[in-house]
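So the sequence lines, in the order shown, correspond to chains A and B. For the first sequence, the numbering used here begins at 1 and goes up steadily by one. For the second sequence, the numbering used here begins at 1001 and goes up steadily by one.
Misleading hints may appear alongside valid ones.
To be clear about the criterion: a stretch of chain B counts as covered by chain A if any three or more of its residues have a C-beta under 8 Å from a C-beta of chain A, and this derived list gives those stretches [stated by the list, open to error]:
(1) 1147 to 1153
(2) 1328 to 1338
(3) 1365 to 1373
(4) 1401 to 1414
Hints in this document: simulated from the structure, not taken from any laboratory. Since this is a predicted model, take the numbers as computed values, not measurements. For glycine and all other residues, C-beta sits at the position ideal for the given N, C-alpha and C.
What follows is the residue order along each chain.
Protein chains: 2
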Amino acid sequence: MKFKVVLNIMGKLLIVLAGFLLTPLIVTWYYHEADYLAFLLPSLLALCVGLGLSVYTKGHDEISNREGFAIVAMIWVLFSAFGGLPYMISSPSLSFTDSFFETMSGFTTTGSSVMQNIQSHTKGILLWRSITQWIGGMGIIVLSLAILPILGIGGMQLFKAEVPGPTSDKLTPKVKDTAKILWEAYTFLTFLQATLLFFAGMNPYDAICHSLTTLSSGGFSPNNASVAHYETSAIHFIISLFMIFAGVNFANHYQFSKRNFHALFNDIELRAYLGVIFGVCAFLCLNLMLTGQYTDLFICFRDVIFTTASMVTTTGFATADFETWPLFSQFLIFCLMFTGGCAGSTGGGVKIVRLIIFLKFAYQQVYQLIHPKAILQLKMNQQVVKTPVILGVMGFLVLYVFSFFTGTLIMSATGLDFTSAVTATASCLGNIGPGLALVGPTDNFSQISDFGKWVLSFLMLLGRLELFTVVILFTPAFWRD
Amino acid sequence: MKFKVVLNIMGKLLIVLAGFLLTPLIVTWYYHEADYLAFLLPSLLALCVGLGLSVYTKGHDEISNREGFAIVAMIWVLFSAFGGLPYMISSPSLSFTDSFFETMSGFTTTGSSVMQNIQSHTKGILLWRSITQWIGGMGIIVLSLAILPILGIGGMQLFKAEVPGPTSDKLTPKVKDTAKILWEAYTFLTFLQATLLFFAGMNPYDAICHSLTTLSSGGFSPNNASVAHYETSAIHFIISLFMIFAGVNFANHYQFSKRNFHALFNDIELRAYLGVIFGVCAFLCLNLMLTGQYTDLFICFRDVIFTTASMVTTTGFATADFETWPLFSQFLIFCLMFTGGCAGSTGGGVKIVRLIIFLKFAYQQVYQLIHPKAILQLKMNQQVVKTPVILGVMGFLVLYVFSFFTGTLIMSATGLDFTSAVTATASCLGNIGPGLALVGPTDNFSQISDFGKWVLSFLMLLGRLELFTVVILFTPAFWRD
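Next comes chain A alone, as it looks inside the complex (with noise of 0.2 Å):
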């Protein structure tokens, strides 16, 4: 392992967070609020160690996918810890768990939240936590598309090939040129909802700060009563039509922005993903309507695109407290928070690729009792997925199991009921946000323990970062050098 280079990349990527952190002064100003120290003082902080860290490792080094692996997951925590900082000056009542928590949510777009009465804090702090989510979301579209395929996690070899630039090994020529396309597609669509969610009647504050939040999948919002807070229908189409795109991977924006349509329309996992949201979409209005829970069947499927695209997406936000839906709704809800969005889009999850890898898979091995000396192969978009590939996406499904028992099985240890330890574990390694029981829509995780949330904090990242970016820091190989 060469540190000095991992060290010297953390350092400039430390520069960059003290630039980002300056951002939410322009608001503190606007607003004539007083705690400017605590976006100053952290990006100060940020700047030195990011200065000191960059000059005294300063030196040429390739990184290979070793230093690539640590950097990456590492990263993700340097960020939640000075990110954290503004929360812990603004107000005291936030312990360094509480902060961290926090961040960790906002950094990897989970947006579960310890912060109790959210229209308490300061208009700075609540864009500071929208903005955190952004970057998140931001990181991990060139992370799935052009840092993990690279690196050869889990099955992301698959999309390799899918976004233009050079196609040399070397992580950092490629890097820069995708992340360019990719950062202009989700910038633009970024400012787009903004902008139509203001001529939708919102405010330009809350406008903005939601539609930073969408993009990224992460669910934060400045509102106690998250996006129910908004009476106007069209508010919350917008938002759910914006989450739809963010769950979408961004390499099928950089194909409709080329008008290559007809990729675009061939493209499996496109299909089978606005599938599962209008199959959900019908099974729930059904329900609902059947059961009496709605009358108004707009207002119902107003509510349940919202929710299914809130959920499927692993954004978070909420309209309506589906914890009073029927038990059929409630438990199908609880399916979407394992499927997840597209890959290569800001959405957590197993994502609609690998579920249809696994189904495929399934058949094949079925199909191969039946004639066992045919041989099959696995195909996607008319292209063989080759067996290392099917392999990887194997691997991801154990580890995302085994993390999610160990996982349920430590949170039930620090008190948490049934259903509760459940979702909680599978709302953060799912990075969406909302559970069900103390962790549901209308609750937060404050109640958890501090030990409870560094799990769940850790949870995060890992599902975050595709499970084997982190547990690969956890095996002696990877340190033997």
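Dock chain B against the given chain A, drawing on the hints supplied.
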């Protein structure tokens, strides 16, 4: 599909069932019970249908894998339909659905019951209930060690070579020889346990009933309070010990009888199985003593080893109401619902050997990321596990996860709460018996709707036949010639 040969074998097996249906009559006669027709009539019916089928379809046809699958799956359904008739005749309050559920629960050695006030039924009926489990256990040992490996199901090929017998690929001769060896061990252990229980103070009838359902990992008891009915600690420990025996691969029992201790000691699955039991017991004792749930360590250990053995082997006997235990203990027990015993035992669940492969495989995937060019082999007991076997095991995991989610979704649609739906599905799919909440160890399945009972019956069959055997029947490819 050669329907003729399928029907022929089913006919022959029905004649065997007709014989088994007469065995409870000894008890009926001894205790002067009036419901002898409950056994005579179904036996006569099974005999007539069986004879009719086997005479009508006479002829000699080789059976292939395809017929093998059809026979295995259908025989469990057919046996449950005929084997349920005694319940209907003896107690008119039980519907066909109830009787089918109870018998499927018997033949799959699940042990979930819809009977309320069990002791109100005749001794003949309760013996028949135990016998169904014993037959089911016998069937499953042969199935998992002799038939499924040949059919190539979900990694069961691992055991192809472990039990001696002609290695011809034709189904019949190998099955007969293997079956004889295994049944001897099975019958011997049943007798041994009954004798020990008798000397520990159980009456002969109870001793036989409990032995029949211990060795089969079934868990039906002729007492309302299950094994908690007895206060003698020796009885608890004897049953614990034989439950642990029942969860061991019967190939290991064969090795033991041949004094092949070397192979026994080096068997990684056996060691992991005992390790899991020991580890879980330690955690449970610690949790229960520290929280003050128990004050007497001896009683605590007795209940813990019993509950652990009962759950890990998927037997389902109860001595302690673990729903009153701390939440950590409850969730640990929930995890055991998925573990299951060793492959080739009468236990259900995922099976220890598959869990070992999952873990080894996941570690290998992580290791591969660090050394992308390394060529890795997965070994079990010093032998390389071939890729098709690994793929089979992964296919099993995918199907298990999908079955679990689909099952729970459907069960939640019948109106069950979250915990009940989740644990009823896990319990039936894993062939355990009790779950938590509505279907906890002191409750039963009678409150579940008829539709729900059919779904759970299907899940029991699915889990018992290692998923593939049942799923395959639902593919069009299976029925195409």
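Contradicted hints - numbers only: none
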